[in-house]
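Chains as they are written, first to last, in the working numbering: chain A, 1 to 228; chain B, 1 to 251.
Hints are computed from structural coordinates only; laboratory data are not their basis. Owing to the predicted nature of the structure, the values given are computational and were not obtained by experimental measurement. None of the hints are false.
Straight-line distance between alpha carbons at most 25 Å, and here's what the computed DMTMM-like set of lysine to aspartate or glutamate pairs gives:
{"id": "1", "chain 1": "B", "residue 1": "242", "chain 2": "B", "residue 2": "81"}
{"id": "2", "chain 1": "B", "residue 1": "160", "chain 2": "B", "residue 2": "146"}
{"id": "3", "chain 1": "B", "residue 1": "160", "chain 2": "A", "residue 2": "7"}
{"id": "4", "chain 1": "B", "residue 1": "85", "chain 2": "A", "residue 2": "197"}
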Amino acid sequence: MDVWSAEISQAVTLTLALAAVTTATLLVIGTPLAWWLARSKGWWTEIVASVVALPLVLPPTVLGFYLLVLLGPDGPGGRIAGLWGGRTLAFTFEGLVIGSVVYSMPFVVQPIRNAFTAMGERPLEVAATLRASPWHAFWTIAVPLARPGLLTGAVLGFAHTVGEFGLVLMIGGNIPGRTKVLSVAIFDYVEASRWREASLLAGGMVIFAFAVILTMTLIDRRSARAAS
Amino acid sequence: MKFIRSLAIGIGLIFIAPGAAKAAQTNVAVAANFTEAAKEIAAAFRQKTGHEAVLSFGASGQFYTQITQGAPFQVFLSADDSRPKKLVEDGLAVPGSRFTYAIGKLVLWSKSPGVVNGEETLKAASFAKLSICNPAAAPYGAAAVEAMKALKLYEALRPKLVEGATITQAYQFVETGNAEVGFVALSQLTGSDAGSRWVVPQDLYNPIRQDAVLLKNGAGNDAASAFIGFLHGPEARAIIEKYGYVLDGQS
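Model the full assembly from the supplied sequences, consistent with the hints where possible.
Listed below in structure tokens is the structure:
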């Protein structure tokens, strides 16, 4: 393992931290959002749903461009950064989290929304007749029933953030330990013709992606068995 | 019968003739810092020869990798001299064709007036972020690191560095205000006096010799060798100088 270096372990740790924080944030924001999307019947629901799904279709360069401007000193990001004395949210871990949350949003919200929709109205109606408060019903009935969807969303959101490239390249600034994530490190190694490091990391990503897909399939199978 | 045959040949000639009148096309890989100059040169080249130079812009390191993997470029205008040299050694470029088409100049630049004030700006370091391009892949990044080391400021400035994948991105970081100052190429600032700048003295870094080379792919292509020839000529040299480069043998 003489190819392994401090530089590489820094990129791996940073990437895992970014994916973990992003996934946690998305579960907190995304679950109520998915709940509302699944239950609301207004015509505007699908407009919000489309906005959430946008990153699926938009190229990362489009998101990267807007984020570079929005996070900068003349945008709202600069004002937020001003709270702790910074000028810009670009080149910071916080900036990457914001970018990743936007970028991975549909991968988390969609499966959770589907799970809430599939559950139907019935269990909550029953809970209401038993005088459960909506809040109580949400936590004790809806969330446990939607668990496979939450799991799928978490796994997909995590995996997608780990693999993110175009966006971090555009707003990250490639700072070791702070914004230099795995995908950018691979890009750098390829540019510098350091094949050994590049193939080590790229190979690791392939194995990781395989593990993710396998996990997802197993979750699906288990929930299908539980349902039958 | 005879009439029809000559008609057919005549019609055929109408379609073939313009193509046969030796207007050819060549794919040129151009280092990002040379973008504006290359566009103007390609336009002048087309006007003079009728040949078309199709330009791709990017980081030299990236182009080197792509060329070793069979990318269909016929001419390579690198931002350094080591990659064209390596391509000759790899047997992927025509040995005698390599030459220095431009010598780049490094500039410390800020979008705001009065911010950059010679090396004092680096010493005072009253900025949060300093953008450079990737020193491993782009020579302007390597030159920026050399200059900071020569001033014995590299270790102190390192925590403030942000890296773009290309010199264009290093420029964008300053342009969008995310970095207050950045090391860019003088060629990127031609045509505008906006902001403040310091042309880094040549004794602080090794000259950024930008070499061009005819790739093996383009050895039989008229347009490719004509483009290399045009680069040597006075028209191209005038454009190159206009964009803030020094010509070989003039520094």
